[in-house]
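Given the coordinates of chain A, assemble chains B and C onto it according to the supplied hints.
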Amino acid sequence: MNIANFSQMLSFIKPELAVSVTILVVVVFDLIFNKNKKIIPYIALLGIVVTGYYVIQQYALSGTAFPTSGKYGMVTVDAFASFFKMIVLIATLCIVIFSYYSDEIIKTQGRLGEYYTLIFGMVLGMFVMISASDLILIYLSMELMSLSSYVLAGFTKLRTRNSEAALKYLIYGAISSGLMLFGISLVYGMTGTTNLYQLNAALQGADVNLYTVGFALILIFAGIGYKISAAPFHFWTPDVYEGAPISITAYLSVASKAAGFALLMRFLKTTFVTYVDPHGSWQLFNIFDWQTLLILISVLTMTLGNFAALWQDNLKRMLAYSSIAHAGYMLLGVLVLTNKGVSAVMFYFFVYLIMNLGAFFVVMIIANKIGSENIDDYDGLGYSSPFLGVTFGIFLVSLTGLPPTAGFIGKLNLFVALLDKQMVVVAVIAVINSVVSLYYYIRVLKHMFLTKRDEKISIPVPMPAFLFILVMATTTIFFGIYFTPITSWAQNAAAILHF
Amino acid sequence: MSLYDVIFYLFALVTLVSAFMVVTTKNIVHAAFYLLFTFFGVAGIYALLGADFIAVVQLMVYVGGILVLILFGVMLTNKITNVQIRSGSTNLVAAAVVIGIFAGALLTMMLNTRWLVNPGKTLITTIPQIGSLLVKQYVLIFELLGILLLIALVGAASIARKEEREK
Amino acid sequence: MIHVSLTHYLVVSAFLFSFGLYGVVTRKNAVMVLMGIELILNSANINFVAFSKFGNYGLNGQIMALFVIILAAAEAAIALAIVLNIYKTFAHVDVDKINNLKE
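Taken in order, these protein sequences are the chains called A, B and C. Residues in the first sequence are numbered consecutively from 0, following numbering that gives the first Met the number 0. Residues in the second sequence are numbered consecutively from 0, following numbering that gives the first Met the number 0. Residues in the third sequence are numbered consecutively from 0, following numbering that gives the first Met the number 0.
Isolated chain A, as found in the complex (with noise of 0.2 Å):
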């Protein structure tokens, strides 16, 4: 490995760069500027401003870098981490946002420093997940972001629930992960490599015992479905969603997941499969029915969270399983196998960002000023307050996927991925989930419009927080409408790299 290579290389990991320098930016002004601790928020737009320059600038190189032995590298970068890596960001960017006008996180103001530094350490895991095409990396990143996840969820301290979230997240997080080294570890000894493109042609040789494999395989899908929040690996997601501060619920729900997927796409598709042919179709090695498992954990992570989600009182509770429903719709785009599916998944996220998050946001400002997130407290709050109750219902309704929002034309991308492998019974089996969690979000606005309540409590919006809402909406609203260059975006990003 030679210089002039080095910096070669370098220039595939710059987005990941930006980020690490971010950090100990964060870090050396929190220990510089210990009184004022206001400049920590500008810092971290400028880093998340500069590392999606980079990012941008990345879109158009597809290589892999840093090769352990062989050609191909640990880390991989093409459009499909453009893509994904651009979701993480506009998430950061939001969270940021959040994080200023969260009274949670105004009240631990001493500690902002170390906050930004361990969301930044979030960024820089799922970076390097998003990219990794070797195992071993895949591990330490997700570990990376893991323990960064693992202090935010206690991070306020405010609340007993606040450290029981932490606790929660760390014990079954450390356990899956553990799981997964196992895994790898057995991979490794069957084919003396971790990385993706020689374990797929190792895997090509027939010298290996597929139960080993099999059982090897099951371990680590444990640890990325802990991640992704898919049955059953999902039992952590209520109660840490519930217990986090709401910011860093919102980041969980939408950036970590997103990084999920990523991961499980590209080792599936990397790992996995020995010919694409040309209508986008996957040929998958004979380890398992792959199509079957995949159509059980979907079909199972949908119902468990729809229904789970029909009894709960506490918002937060219930987007979290709302949440866990999403990912089961997710995996529909997943279960397909093909590249149409991958960019019905991408499509999805895109939208999934901006609804969700906007649903979470309207949820904070309104429990900043009263204090819960139950949802009796919402009783008659859609007239005291009619511009968050008509922002809520938008966000609401295109989470359950009803046109004319941008929730409706993701699932139906979805939808036309599945009726294209002629899976109807799947689909009917979604769109009943879907019609199942019409009736837990129309309840909160049944709540918020249709139950009087005596005293009249006004929530004071800030304009930018205003603003944010107002644009969150509109863009639901609008690529509802005008969705060609969000689908054409996910369609080119979708060309998975692949030899």
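Please note that a few of the clues may not be correct.
Only pairs whose alpha carbons sit at most 27 Å apart, straight line, appear in this in silico DSS-like list of lysine-lysine [to be verified]:
| no. | chain 1 | residue 1 | chain 2 | residue 2 |
| --- | --- | --- | --- | --- |
| 1 | C | K27 | B | K161 |
| 2 | B | K25 | A | K70 |
| 3 | A | K34 | B | K161 |
| 4 | A | K106 | C | K27 |
| 5 | C | K27 | B | K25 |
| 6 | A | K368 | A | K37 |
| 7 | A | K106 | A | K13 |
| 8 | A | K70 | B | K161 |
| 9 | A | K70 | A | K13 |
| 10 | C | K87 | B | K161 |
| 11 | C | K27 | B | K120 |
| 12 | B | K25 | A | K106 |
| 13 | A | K36 | B | K161 |
| 14 | B | K135 | A | K13 |
| 15 | B | K120 | B | K135 |
| 16 | A | K106 | A | K34 |
| 17 | A | K37 | B | K25 |
| 18 | A | K368 | A | K420 |
The hints are simulated quantities; they were obtained by calculation from the structure and are not laboratory data.
Chains B and C only, in chain A's frame:
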């Protein structure tokens, strides 16, 4: 049976017996001390496998670092001076049966899989090679771990520190 | 008696993994659960080092074991900080009793 074999069985016995005690003993302080022997036995196994550097790191980081942390955790979260530390467990039998079946399956799998075995010479010392791998092929992971340790430091300090009252 | 081979090491690792899993499943004390997790990580590490020697894959397996040890240290630090924080709020570290987050 050569000396190598005798030493292997010795270390394997130490590791497994103490690991069994870690997960079955009722006394949390005893569990922490049994863990010491497990880590020590694993270090011996690394040494037998020709991984001298890993064995030393295992002793220094696990025994010297992680175990001390765990002992601190035990002592800070329990008043060991006057109360007998008990940690309750439930459904022991059911768990033991399930894990027993699982362990059986795992063992069968380990014994029946055709692992790739290629004879090769054991290096006298691995330190130069590991050093050069760390700063060449694995430099990315090496640097990433540096940041991970920084994050862990910041995170642990941030969450364990006593909350100063808001002014 | 047979000469010590790869299988011997794998058997040790399989037992260690199962013990770790047993500890994780049965223990209620958070610190004890963490000990079980450490056992699982150690068993994976034995695998890495043993495969790397007997498969003659070079030193990659040892490097991975090294990374995992470093990571385990970071994880233990965070974990014990969180446990300490829990103890300050709940005055005990029993995982099953920490259950305010239920509907």
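Results for each hint:
no.: 1; hint: K27(C) - K161(B); in the structure: 26 Å, holds
no.: 2; hint: K25(B) - K70(A); in the structure: 52 Å, violated
no.: 3; hint: K34(A) - K161(B); in the structure: 19 Å, holds
no.: 4; hint: K106(A) - K27(C); in the structure: 33 Å, violated
no.: 5; hint: K27(C) - K25(B); in the structure: 11 Å, holds
no.: 6; hint: K368(A) - K37(A); in the structure: 22 Å, holds
no.: 7; hint: K106(A) - K13(A); in the structure: 35 Å, violated
no.: 8; hint: K70(A) - K161(B); in the structure: 50 Å, violated
no.: 9; hint: K70(A) - K13(A); in the structure: 21 Å, holds
no.: 10; hint: K87(C) - K161(B); in the structure: 10 Å, holds
no.: 11; hint: K27(C) - K120(B); in the structure: 46 Å, violated
no.: 12; hint: K25(B) - K106(A); in the structure: 41 Å, violated
no.: 13; hint: K36(A) - K161(B); in the structure: 19 Å, holds
no.: 14; hint: K135(B) - K13(A); in the structure: 19 Å, holds
no.: 15; hint: K120(B) - K135(B); in the structure: 23 Å, holds
no.: 16; hint: K106(A) - K34(A); in the structure: 15 Å, holds
no.: 17; hint: K37(A) - K25(B); in the structure: 50 Å, violated
no.: 18; hint: K368(A) - K420(A); in the structure: 49 Å, violated
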